[in-house]
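Novice: Okay, here's what each chain looks like letter by letter:
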Amino acid sequence: MLDEKTITDHGLTSEEYDQIVRLIGKHPNLTELGIFSLMWSEHCSYKSSKHHLKKLPVTGKNVIQGPGENAGIIDIGGGLAAVFKIESHNHPSFIEPYQGAATGVGGILRDIFTMGARPIVSLNSLRFGPLSLPKNRAIMDGVVGGIAGYGNSIGVPTAGGEIYFNECYSLNPLVNAFCLGLAKKDKIFYARAEGEGNAVLYVGSKTGRDGIHGATMASAEFNDDLEEKRPNVQVGDPFREKLLMEACLEIMEKSLIIGIQDMGAAGLTCSTSEMAANAGSGIEIDLDLVPQREKGMTPYEIMLSESQERMLIVAKNEKIKEVQQVFSKWDLEAVVIGSVIKGGNLIVKSSGKRVVDIPVNAIVNLCPVYEREMRPPESYAPPLIIKEIPLPQDYNSSLLKLLSSPTIADKKWVFRQYDHMVQTNTVFFPGADAALLRIKNQKRALAISLDGNSLYTSLGPKTGGAIAIAEACRNLACVGAYPAGVTNCLNFGNPEKPEIMWQFQQVIEGIAEACKAFEIPVTGGNVSFYNDTDGISILPTPVIGVVGIMDDINTAVSPGFKAKETPIVLLGENQEELGASEYLKHLHKKEKGCPPELDLIKEKAVQKLCLEAISQRLLLSAHDLSEGGLAICTAECAFLSPAKIGCSLSLSESMRTDALLFGESQSRILVTVDKTNLERLLTLSQEFGVPANILGKTGGDRLIFFHNNKKVIDTAVKDAFNIWEQSIPDFFEPK
Amino acid sequence: MKFGVVVFPGSNCDSDTLYVVKEVFNQEAEFLWHKDHDLKNSDCIIFPGGFSYGDYLRSGAIARFSPLIKEVREFALNGGLVLGICNGFQILLELGLLPGAMLRNKNLKFLCQHVNIRIDNTDTPFTLAGNIGQVLSIPIAHFDGNYYIDNNSLKDLHKQNQIVFRYSEQNGNLSKKSNVNGSINSIAGLINKNGNVLGMMPHPERASEAILGSDDGRVIFESIIQYFDKVKKPQPC
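Top line first, the protein sequences correspond to chains A and B. Residues are numbered in our numbering as their position in the first sequence, beginning at 1, plus a constant of 10. Residues are numbered in our numbering as their position in the second sequence, beginning at 1, plus a constant of 1.
Read the hints as simulated data drawn from the structure, not as lab findings. The reader is advised that the hints may include incorrect statements.
As the list claims (entries may be wrong) - Computed cross-link-like contacts, EDC-like style, restricted to lysine to aspartate or glutamate with a CA-CA straight-line distance of at most 16 Å:
#: 1; chain 1: B; residue 1: 110; chain 2: A; residue 2: 743
#: 2; chain 1: B; residue 1: 107; chain 2: A; residue 2: 743
#: 3; chain 1: B; residue 1: 110; chain 2: B; residue 2: 37
#: 4; chain 1: A; residue 1: 145; chain 2: A; residue 2: 177
#: 5; chain 1: A; residue 1: 721; chain 2: A; residue 2: 684
#: 6; chain 1: A; residue 1: 329; chain 2: A; residue 2: 311
#: 7; chain 1: B; residue 1: 110; chain 2: A; residue 2: 383
#: 8; chain 1: A; residue 1: 339; chain 2: B; residue 2: 37
#: 9; chain 1: B; residue 1: 36; chain 2: A; residue 2: 383
#: 10; chain 1: A; residue 1: 450; chain 2: B; residue 2: 124
#: 11; chain 1: A; residue 1: 57; chain 2: A; residue 2: 343
#: 12; chain 1: A; residue 1: 453; chain 2: B; residue 2: 210
#: 13; chain 1: A; residue 1: 450; chain 2: B; residue 2: 37
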């Protein structure tokens, strides 16, 4: 029997160990313990989150595959299915930013093509600490380089995403990678080891000692032994993955296989046991047959390795040769390492000995589920007394300061490192409200938005969760797409802390409520707990990915002003809200107050109005109001206009000028419209019950704002643009 | 006419290029697998962009050892049209079909963005439909596009009028700023002495449909097709 230290070193509690002994009817040997350690880790088992995730709506008439598989799938019409998912790679990206981020991209790509879909777009959601610290710049430089290095090489466009900065991510950056692929609806593959006697093939890269215990690492907090964990991070080889992708898609196109699963977290362990468990069968493999990169690897190491670019395939014996021919064409190995067996056990042999013999059901499905204690933090939302916030003396300088906040500033320094055009489907480049991709030879298009404001979720977790969904959908509406499916990546601290669990539960409730309102299903995602370093947790950070469908790509609308002398109309209404705003954080150094209120009925109405106006081709531009409020939104519309057209706006609400300019009230969209269509837009707004106010018109080369007839902002578009554009590069390329 | 698009392991603009010549320009086109020895009667061979062999060792360095290279080399030496785009340009340099070499971009980062390039030579099969001084907006997407050549050879390039495209401002002026990757003399594309092998870093296949933001790249494919129609097609007696 293994000693207590070995058991705790594997991240298992003594209760969990006793449970294992009961389930398998014996004391596990070291390799078996390693298998349970991985599969019962938080990362693989969702043991703390399962209970709460049940609240999310997962069904809908367009859902082909909900949560539980490698990725979610929705029917997008025309015989096509969109296969998509978002996943975190936070822990590895902190330890080794370049490889951590690169393998995050590699992993999510495999999740997509495993199901028979060709990946057509990647996006990612990143969180870093303040760039004033060199360590954070090094992390960001590495992460962006890693995403670019992998995605560019494999030839999948990285068409956007979002980046936020906050002190809490200083020692805990977040890297959430999203990928979407297209498959024929009737040609989708699943991770199932069906049919006794069928062959189990190992394909792709050889197995090495890298990444052993990656999933366990991702299920614990970090402290100062960080450097020791570097070998736990895998090394990516995008070229190998490109070959693997082409070979896999080719065998699937030729219908040569029965089931397939990528080897991601927990490698060979996870793929063998999950494929068997999903099919209610057993699986037997011989480790002597597994291609290995180095000599003398123990069964423990081979089973736990997280070497990248590997897949497990189940095929009928008569197809083995054809499968091998395809892999050989792509200069890859495809080796039979075992077979599907009767009964329900995972049997692993090495040097003629049986080194593992345990029921797959126990590994995959019987991990204990926890309903962990929850408790609101004592002071989670320090109240904001708005009168205590001094009014700025000079709104010009407030605007310029806010434009230089890295969270708001131009992200071109990042996006131009990504090949966002390969595959020639990207219609809207990074920086638009949503990534927009055409589908060749079709009118239909896909739009994708990622969203998640952790200031909101830390100060009001439930509202913040709902806003993340609402804003992602609003972004789609601004382009002209309606939401069809959701994937989420839930990044939180240590779930064993009752305050963290409470945040998690609240955020889930908010997400669930908003999804129900929009009638969109959550088709999968990922939970990343233990984002803590030295006992300090990150702010709760749900990242929402919403996939939208556009019926006619020719009607798509982008955010930049298109012409001079066009009326500027605000859809929705301004409220005096400053809580949790970027303005408070960046200019007043306060993370306080409640996030803006969200009324889901109003939100839906404004989005429906925008969609209708776009489909009637009434709008010239549309941009959603988010961080930095009306002033920042307006400035961005000017910056994103090819001719850098300015504008003049007259506001007349009776409220604080700073709240009016920089407050982040929800359910607002700024649009421009040709004069001849103005009346139609206003009538349409009335029909939808949405307030629509003409704020001013485009023209000139300055950004001018009046509040109650007093000029509060007057600045050259060019000057403001330079500040916005140069803020991030200035941290990396000192003059 | 018929285009052959070569597929190396790691090519990733092969499908984009095939799509453009086939669907946008309605020409015959086929993939040519790098392990074969068959050019399938193509009239113009395209080395597409991507990361052939992962760009390991050096961009384009390993692709030159692919079996099909033997046939492409003979085809080129016999005057056949060969177009190398991005990684394809890098391969042409490694093959020695074009002179010079690529360094890392001057900012040491991958760059993906629309750039302006000026046509400096329309006396080629690849640019005859354009005008001297015409500025095209075409995207680049590369890490190693900083073209370098020694001084004497550079003089030769000028003398022989081999420089076809140069990075420029929108008005056609050359500047340090418009020379995004730091190429010597802002060179974005060049042709061999015989005038049948062109290498260019920008991706014309990404700028051949207005919906993608620019269709300025069409002029390159249109030139090739016009050239073939006028010059190569047997004229009726």
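Novice: CA of residue 453 of chain A to CA of residue 210 of chain B, is that 16 Å or under?
Specialist: 15 Å, holds
Novice: Under the criterion that the straight-line Cα-Cα distance not exceed 16 Å, is the pair residue 110 of chain B, residue 383 of chain A satisfied?
Specialist: 47 Å, violated
Novice: Check the hint pairing residue 36 of chain B with residue 383 of chain A against an upper bound of 16 Å on the C-alpha distance.
Specialist: The hint is violated at about 61 Å.
Novice: CA of residue 57 of chain A to CA of residue 343 of chain A, is that 16 Å or under?
Specialist: 36 Å, violated
Novice: Mind checking the alpha carbons of residue 450 of chain A and residue 124 of chain B for me, to see if they're no more than 16 Å apart?
Specialist: With Cα atoms ~34 Å apart, residue 450 of chain A and residue 124 of chain B exceed 16 Å; violated.
Novice: Sort out whether residue 37 of chain B lies within 16 Å of residue 450 of chain A, counting only the CA atoms.
Specialist: 29 Å, violated
Novice: Run the distance test for residue 145 of chain A versus residue 177 of chain A: straight-line Cα separation, threshold 16 Å.
Specialist: Given pair residue 145 of chain A, residue 177 of chain A holds - Cα atoms ~12 Å apart, limit 16 Å.
Novice: Quickly compare the C-alpha distance for residue 107 of chain B and residue 743 of chain A to 16 Å and report which way the hint goes.
Specialist: Judged against 16 Å, a Cα distance of about 12 Å means the pair holds.
Novice: Is residue 329 of chain A close enough to residue 311 of chain A, meaning Cα to Cα at most 16 Å?
Specialist: 30 Å, violated
Novice: Are the Cα positions of residue 721 of chain A and residue 684 of chain A separated by 16 Å at most?
Specialist: 26 Å, violated
Novice: Taking only the CA atoms, is the gap from residue 110 of chain B to residue 743 of chain A under or equal to 16 Å?
Specialist: Measuring from Cα to Cα gives roughly 12 Å; hence the hint holds.
Novice: Between residue 339 of chain A and residue 37 of chain B, does the CA-CA distance stay at or below 16 Å?
Specialist: It holds: about 11 Å lies between the C-alpha atoms, which stays within 16 Å.
Of the numbered hints given earlier, the model fails hints 3, 5, 6, 7, 9, 10, 11, 13; all others are met.
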